[in-house]
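Colleague: Listed below are the residues making up each chain.
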Amino acid sequence: MPHYEPWSDERARAVIDEFTHLEGPLMPMLHAVQETFGHVPDAVVPMLAEKLNVSRAEVHGVVTFYHDFRHEPAGRHVLKLCRAEACQAAGGDALAEHAEHKLGCKLGETTADGRVTVEPIYCLGLCATAPSAMLDGRIVARLNERRLDALIAEAQS
Amino acid sequence: MPIRIYVPKDACAIACGADEVAEAIAAVSLVRNEPVEIVRNGSRGMLWLEPMIEVVTTDGRIAYGPVEAGDVEGLFAAGFLTGADHALRIGKPEEHPFLAKQTRLTFARCGIIDPASYEDYRAHGGYRGLERALTLGPAGIIEEVKTSGLRGRGGAGFPTAIKWKTVADAKGDQKYIVCNADEGDSGTFADRMIMEGDPFELIEGMTIAGIAVGATKGYVYTRSEYPHAIWAMEKAVEVARANGMLGANIAGSPYSFDMEVRMGAGAYVCGEETALLDSLEGKRGTVRAKPPLPAHKGLFQKPTVINNVLSLTAVPHILADGGQFYADFGMGRSRGTMPIQIAGNVKFGGLFETAFGITLGELVNDIGGGTATGKPVKAAQVGGPLGAYVPTWQFDLPFDYESFAAKDALIGHGGIVVFDESSDLAKMARFAMEFCSVESCGKCTPCRIGSTRGVELMDKIIAGERVTANLATLTDLCQTMKLGSLCALGGFTPYPVLSALNHFPEDFGAPPRVVLEAAE
Ligand SMILES: Cc1cc2nc3c(=O)[nH]c(=O)nc-3n(C[C@H](O)[C@H](O)[C@H](O)COP(=O)(O)O)c2cc1C
Ligand code: SF4
Ligand code: FES
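Protein sequence lines correspond, in order, to chains A and B. Quick note: the first sequence uses my numbering, first residue 1, plus one each step. Quick note: the second sequence uses my numbering, first residue 1001, plus one each step.
Hints were generated in silico from the structure; no laboratory data involved. None of these values were measured; they are calculated from a predicted model. A virtual CB, placed ideally from N, CA and C, is assigned to each residue, including glycine. Take the hints with a grain of salt, since some may be wrong.
[To be verified] Computed footprint of chain B on chain A, listed as stretches where at least three residues anywhere in the stretch have a Cβ under 8 Å from a Cβ of chain B:
id, segment
1, 36-43
2, 101-111
3, 124-130
[Claimed, not checked] 27 Å max Cα-Cα, derived DSSO-like pairs, lysine-lysine:
id, chain 1, residue 1, chain 2, residue 2
4, B, Lys1407, B, Lys1302
5, A, Lys106, B, Lys1460
6, A, Lys106, B, Lys1427
7, A, Lys51, B, Lys1217
8, B, Lys1297, A, Lys51
[To be verified] Pairwise CB distance ranges, derived in the manner of DEER restraints:
id, chain 1, residue 1, chain 2, residue 2, range
9, B, Glu1020, A, Ala94, 38 to 46 Å
10, B, Glu1143, A, Pro2, 20 to 28 Å
11, B, Ala1100, A, Ala150, 52 to 60 Å
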């Protein structure tokens, strides 16, 4: 299970400062913020704007453009199911439905108990051994109902 | 002497259990007191056999696969350390028809060497291209690439030498080499496999490009969905630096070049070269209007070469063996080899590098073995989400940029996704529109609004509402998107939609194609 730190101004500044020497540092900074806190909190936007000498609106625009950056923390576990063409061709639709049914929530949502966020992902590059999924950063291929059930059980535990 | 066993560290192998297999081998070898040395290689590309492990025997490397952790005890008991027989024994990988039929230039080393080992890379012909490049100098390098006929492997097929020449001629205190490793197309994984299996080849290719155009800094921009590729690339960059192959005065030459790996954040459009540059700069990934070309005003407004992984990794071979050697493969204006990726509902999915000219039917049926489900093939989508659905009656199509274009199809990045007869192509057409609407950068109306409208239309068509009228509107909409979009996301989404409709109208609730043709 991924472990995230509670928000702290000081910590956020330290995380950001690690990348100031790079050319075009904003994306690496945002990734690092999300890796540290599990999402990109609003409070970090003015910090980044000040550091990079750009407007808050610009930073906000970047954060919201990319699908990866979360505004809110996810559930304790994140299960991503590949919904791109090769995985659809290999039976991914039925598996996605199965997951939604088992978890009682739709793709893009978090279970009521906050344990599992289930999301679509568009291709993990495992298309020859489709369908594929990712649980908290661990990749799984040749998914079938049995394997998916095991992943879901793991995520719910 | 411990016996050497290769267990792939390729993401596909890992996703099929390779890490657990490696652990099991280490554990069982301890218990049995049969010492082994485990090397984590890339994948050979016979992905249906992953995890495919290889034991180094006196008779060469002997492969077994697909191996699960639970098979390991049995493999030891059967004597796999000496290459003994077992139900999973494949034999010598290079003699397997899937590999024996290929022409591997870019993937020559992939799956054979330890991707983290500079020595291994050197021992297998690595850096021969750079050595020759250093003797040729910038103009000579570009000439050699021109002779090879190399065209961009990212999708557009633009001649690489022309791009390089433009950047070489451009004035700038700083120039950049940017590697487009954003590989977002479903059905493609060649970039990922090379980064994981032979990362030095990309470093060498980028270094040669840097020397050719006078760039001293490079970036590899890849996807957050590719954590293993990122680790492998970063590791190799470190090792190359430690060996004097990146940094100041590469290999003792007057040239300097260094590089960094950067990660995207789940935006398909960032594979488009100008959106990628904006993303690297720390902006929203919106597509830039051209001109100016990236070659003149690219990253941070500096002259920039932006090339796909496969374009850049073809370069070391072109330099090592000469442009003519490369150009001797292929057909028409498609020269050299293409690492083709066979995926989806297919029996033998994997990476197949071959000269241009092979037909789609050979790839899907002979090499890919047809569908994994055993049902008849219905169609193959070639070239990613913006590529056409090619029906089986067009499977004589040769893999060649111009032949595909003539059929309103595209090769793109060389991915083939196979669908069996149970697939509903109206659903796939809807998906194409939906994907476009989710991934649109928002800059042009036909793409941003049109794709949303396209999804609504498809919903109506699928529900059987006023099908004829809605299909006519859909066709019009596709025309508007084709003509009014700034980039291929909006401009090419009509290809999968219209190909699905034209070839499989019955999936859309329209009269079947045979009937339509008879009526004409
Ligand atoms: C929506 C869209 C996505 C693209 N994705 C990629 C990609 O993932 N990788 C890539 O190399 N090229 C991609 N391209 C093509 C690039 O814009 C560009 O043509 C390519 O990077 C040039 O390199 P090459 O000449 O070596 O092919 C994409 C284009 C569009 C319009
Ligand atoms: S076609 Fe779509 S993705 Fe491309 S520039 Fe226009 S809005 Fe952006
Ligand atoms: S389409 Fe699912 S892994 Fe590529």
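Colleague: Hint by hint, note whether the structure agrees.
Modeller: Here's how the hints hold up against the structure:
no.	hint	in the structure
1	36-43	violated (count 0)
2	101-111	violated (count 0)
3	124-130	holds (count 7)
4	Lys1407/B to Lys1302/B	38 Å, violated
5	Lys106/A to Lys1460/B	22 Å, holds
6	Lys106/A to Lys1427/B	19 Å, holds
7	Lys51/A to Lys1217/B	24 Å, holds
8	Lys1297/B to Lys51/A	26 Å, holds
9	Glu1020/B to Ala94/A: 38 to 46 Å	26 Å, violated
10	Glu1143/B to Pro2/A: 20 to 28 Å	51 Å, violated
11	Ala1100/B to Ala150/A: 52 to 60 Å	37 Å, violated
Of the hints listed earlier, those the structure fails to meet are numbers 1, 2, 4, 9, 10, 11, in rising order.
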